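Residue numbering for the sequence shown follows this note's numbering, starting at 1366 and increasing by one per position.
Bear in mind the hints are in silico, worked out from the structure with no lab data behind them.
Remember, predicted model here, so these are calculated numbers, not experimental data.
Some hints could be false.
Straight line, CA to CA, 27 Å or less: simulated BS3-like cross-link-like pairs of lysine-lysine [stated by the list, open to error]: (1) K1525 - K1406; (2) K1418 - K1406; (3) K1525 - K1441.
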Amino acid sequence: MKTIVLGVTGSIAAYKAADLVSQLTQKGYLVHVLMTDSATKFITPLTLQTLSKNPVHTDILVEEEASKIQHIDLAKICDLFIIAPASANILAKLAHGIADDMLSTTALALPNIPKLIAPAMNTTMYQQAIVQHNLQTLASFDYQIIEPKESLLACGDYGKGALADLDTILATVEALLPL
1366 MKTIVLGVTG
1376 SIAAYKAADL
1386 VSQLTQKGYL
1396 VHVLMTDSAT
1406 KFITPLTLQT
1416 LSKNPVHTDI
1426 LVEEEASKIQ
1436 HIDLAKICDL
1446 FIIAPASANI
1456 LAKLAHGIAD
1466 DMLSTTALAL
1476 PNIPKLIAPA
1486 MNTTMYQQAI
1496 VQHNLQTLAS
1506 FDYQIIEPKE
1516 SLLACGDYGK
1526 GALADLDTIL
1536 ATVEALLPL
């Protein structure tokens, strides 16, 4: 069974992670979920744990088993890593090697495997030069970017920044990690 580690960050689009986890597990992938603290304000870890059938990791300092270091062990078993939705904050952390939570620390421990990022944020944020620079930096580090779509956003603005359609994300995953 192919293993996917899914990172979920603080974005209104975090609720779509439930459907993503559900569809990935139904297709036969083993899914482990990592959530930032801000992601847990939008959707509960219990929801994603129930759908993935695996513990959801939210805190780098909480180890379920004394003999395991979760961020290292998850990186070792991971066949594909994806962050959906990916906030501007996680893009900046990863582009600059900051590892201060479970998600960013696990990302830095990954071997040479497919890595996907699906940004989701306000259009003005997405268009900022620093965010675009961080995306280019991550692309140079072999992250594949799944472009956000143009849509009506939660804030009422219309523009590019909404999480890509789940069909697009799933097709990208399946192309990189066929079962």
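Do the hints match the structure? See the list:
1. At most 27 Å may separate the alpha-carbon atoms for a hinted pair to count; K1525 and K1406 meet this at roughly 24 Å.
2. Under the criterion of a C-alpha separation no larger than 27 Å, the hint pairing K1418 with K1406 is consistent with the structure, at around 21 Å.
3. For the hint pairing K1525 with K1441, the CA-to-CA distance comes to about 34 Å; that exceeds 27 Å, so the pair is violated.
Hint 3 from the list above is the single one not met by this structure.
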